[in-house]
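Letter 10 of the sequence shown, counting from 1, is numbered 562 in my numbering, and no numbers are missing.
There may be inaccurate statements among the hints.
What follows is a list of derived Cβ distance ranges for each label pair [stated by the list, open to error]:
hint, residue 1, residue 2, range
1, Val669, Ala610, 45 to 53 Å
2, Ala782, Tyr830, 16 to 24 Å
3, Met626, Val662, 14 to 22 Å
4, Gly657, Gln908, 44 to 52 Å
5, Ala771, Val640, 34 to 42 Å
6, Pro682, Cys628, 15 to 23 Å
7, Thr658, Arg596, 49 to 57 Å
8, Arg668, Pro730, 18 to 26 Å
9, Arg596, Val640, 44 to 52 Å
10, Glu867, Phe631, 40 to 48 Å
The hints are simulated quantities; they were obtained by calculation from the structure and are not laboratory data. If you're wondering where the values come from, they're calculated on a predicted model, not measured in any experiment. Even for Gly, the Cβ is constructed at its ideal location relative to N, Cα and C.
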Amino acid sequence: VTRGQRYILFSQSFEAGASPMAKPAPLPGEQPPHPLWETGEAPRPLALKCIVVILMPAVLVLAVLRGLLFILFMICLFFLCELALLGVERRHLADTSARQPALTGTRRAVFAVAIRVASRVILLTLGCWPGLFNVEGYPNDEAAIWAFAPHTGMIDAFVSMCVGCPRPVILEPYASIPVVGSILRATSALLVPIAKTGTEGSSDKDSVRKPSGEKSSTASVRDALVAHKANFRKGDVPVALFPEGITHNGCSVLTFFTGSFEGGGAIQPVSVRCPFKYFNGAYFQTTIVNHLMSLLANPWLVIQVQFLPLYKPTEEEAAEAMRVASCVRTAIAEASGLPLNVIGAKEIRREVKEEQEAKKQRRHMQRKQQ
553 VTRGQRYILF SQSFEAGASP MAKPAPLPGE QPPHPLWETG EAPRPLALKC
603 IVVILMPAVL VLAVLRGLLF ILFMICLFFL CELALLGVER RHLADTSARQ
653 PALTGTRRAV FAVAIRVASR VILLTLGCWP GLFNVEGYPN DEAAIWAFAP
703 HTGMIDAFVS MCVGCPRPVI LEPYASIPVV GSILRATSAL LVPIAKTGTE
753 GSSDKDSVRK PSGEKSSTAS VRDALVAHKA NFRKGDVPVA LFPEGITHNG
803 CSVLTFFTGS FEGGGAIQPV SVRCPFKYFN GAYFQTTIVN HLMSLLANPW
853 LVIQVQFLPL YKPTEEEAAE AMRVASCVRT AIAEASGLPL NVIGAKEIRR
903 EVKEEQEAKK QRRHMQRKQQ
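Take these sequences, add in the hints, and give me the full structure.
Here it is, written out as structure tokens:
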């Protein structure tokens with residue numbers, strides 16, 4: 553029995569004996585909804601549809617008010633981040649080699665408290681009313697990496713800031729959004745460029761296209777994470793990862809990208825769930841505008857966060873990033889009661905690409921028939 557297997561057994565006993573958030577395990581052979589094409593929502597009964605129609609005017613008015621408050625508090629968060637960065641040398645957002653956070657010492661401590669309060673207020677505007685935000689357990693300050701799963705959408709970013717404000721790893725295009733860019737600078741985010749068409753994010757392929765001695769951006773992020781783990785000391789600011797690499801309906805745990813787990817180091821697994829039945833408002837399915845409208849249309853939002861026991865891979869396990877990723881992924885799935893999915897971000901993006909090509913072919917055939 554490896555240490556990773558013992559960790560999984562310990563996580564299972566932790567869940568069974570102490571977790572009021574634990575969900576029943578899926579039935580054997582039960583298939584989870586497709587993470588992209590299905591929302592996982594149960595059919596709405598006629599009585600519920602009638603109630604929704606009756607309450608629709610009130611819900612719309614509340615959604616507009618919450619939307620205005622969301623914009624207001626996001627502006628406040630922008631000024632908070634800009635104030636925290638006064639007098640601090642600003643690093644270029646694309647510089648993923650930065651090993652130390654932009655804010656340190658007392659300034660970082662005050663900023664962390666302020667952004668946690670601001671994030672909780674923003675979650676209130678998105679429907680997470682008092683009593684609906686539940687956090688179980690505490691983060692371990694020995695962890696260089698916090699691994700969050702499942703990753704459903706925008707909510708996860710605010711949850712991350714609210715429970716500890718670690719350094720995020722996020723797709724580079726989000727840094728171009730005005731308010732988001734300020735937040736990323738203040739939290740010293742590591743930005744992940746989107747792979748160009750045809751590369752599929754493969755570092756091997758990138759190395760073929762790059763001149764000798766020039767690393768791909770994805771490899772630079774991986775190297776920055778490895779350097780962060782090597783230089784990390786107890787009490788330093790950890791890095792937050794969403795190792796699934798894509799948003800989905802949250803009804804299962806997708807496969808993890810193994811590059812995030814290279815270089816060993818202690819890992820803090822974090823389960824984040826937004827349980828639902830008839831409306832999956834937390835799912836980021838299409839665009840950020842539609843996602844925000846879906847959140848505002850949702851009358852309430854339950855968020856359950858669970859910090860699992862710290863995972864420390866042995867030297868043998870640390871040499872195999874896939875094994876470390878599997879252990880962390882399985883522990884999160886067991887604690888949250890979610891099934892392990894056999895597909896991941898690469899397969900989903902491939903399906904999206906194939907669907908887009910199929911639509912183009914259908915449109916082309918329709919034009920020819922006309």
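What hints, given by number in increasing order, does this structure fail? 1, 2 and 5
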